[in-house]
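K.L.:
With this note's numbering applied, the sequence shown closes on residue 284, and no number is skipped along the way.
Keep in mind that the hints were calculated from the coordinates and are not lab data. One or more hints might be untrue.
What the hints assert, rightly or not - Under the rule of at most 16 angstroms between Cα atoms (straight-line distance), these lysine to aspartate or glutamate pairs were calculated in the EDC-like manner:
#	residue 1	residue 2
1	K27	E52
2	K145	E167
3	K174	D115
4	K153	E167
5	K153	E191
The structure displayed is predicted, hence computed values, not measured ones.
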Amino acid sequence: MSDYVLFQMTEQVRKDLIDRHLFYVDQARKRFLSHFDDIEAEANGIPDKWLEQHEHLFDPERHDPSDFYEAAIHARYNFYELICDMRERTQLSVIAGMFHEWDKQLRDWLSNEILHCHHGPAVRDEDWSFTFKAVWSAKFKQVVDLLECLGWQIERREYFQKLNACQLIVNVYKHGNGESLKILKKDYPEYYRNPFQHSRSRVWRITVPNYKDLRINDAQFRAFSNAIVSFWMDTPGNIYKSQVESVPDWLGKAILKDDNRSVYSKKVIALP
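Starting from the given sequences, assemble the full structure and let the hints guide the process.
P.N.:
Have a look at this one:
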């Protein structure tokens, strides 16, 4: 029996996907993240600004100058805390946008290639196709299982750990405390700020994880970006039928439903 291609990644499509990703990361740095490069200096200038704005309220006969200086220092710390929080949220938002775009592009490629292989009318109709809906509603782990079934041993790749951590981080950013948070702290503790890092206490090992302790530095952000590039570079140019021994149950059931509906449609059309 002759072999044939089930999934194909052309070099032009590969290049376009990588170029779009790199453009997003580059522009996100320039237009958003770069504004937080010098927040330490900004914060250090807050006390003088605060004193200047409130000097008209100072009455030497009623006020202690040290109280005003203390309030100015407090304003500095308050500003620094708020701006750091904004930086964290902005960076997480950029990471979430980056991951979601990659995830959509992957599902788009998978669903399009599957539709090319199965020619029944029910499969090709995106509004009615169980197969199409299954690919787009599958969980991240299910999509990974599909890639493994295609002969692409993605879980053994170094970049996979970054992608897996990234999807957990995005879930934590979106949903806060939950199952993803527990898995992230257990499997990837490097993405957490230890609130007891200056203490010898072992409390950190037993505390309940909190989404507020999530911290991503610039090097980790670059690692996530590089993982996406590595993924697309590693995507097989051709995946042949002979390489695929089976598909995950969730996809197989969806394809079978579409095949059965296609047969039913033909019977209905054939009725006098």
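K.L.:
Look at each hint and say if it fits the structure.
P.N.:
How the hints compare with the structure:
1. Of the pairs offered as hints, the one joining K27 and E52 is violated, with about 39 angstroms between alpha carbons and a cut-off of 16 angstroms exceeded.
2. Proposed proximity of K145 and E167 is contradicted: the alpha carbons are some 24 angstroms apart, above 16 angstroms.
3. A hinted pair counts as satisfied when its Cα atoms are at most 16 angstroms apart, and K174 with D115 qualifies at roughly 14 angstroms.
4. The hinted pair formed by K153 and E167 meets the criterion: a straight-line CA distance of about 10 angstroms does not exceed 16 angstroms.
5. Between K153 and E191 the CA atoms are separated by roughly 14 angstroms; this keeps the pair inside 16 angstroms, and the hint holds.
In summary, the numbered hints that this structure violates are 1 and 2.
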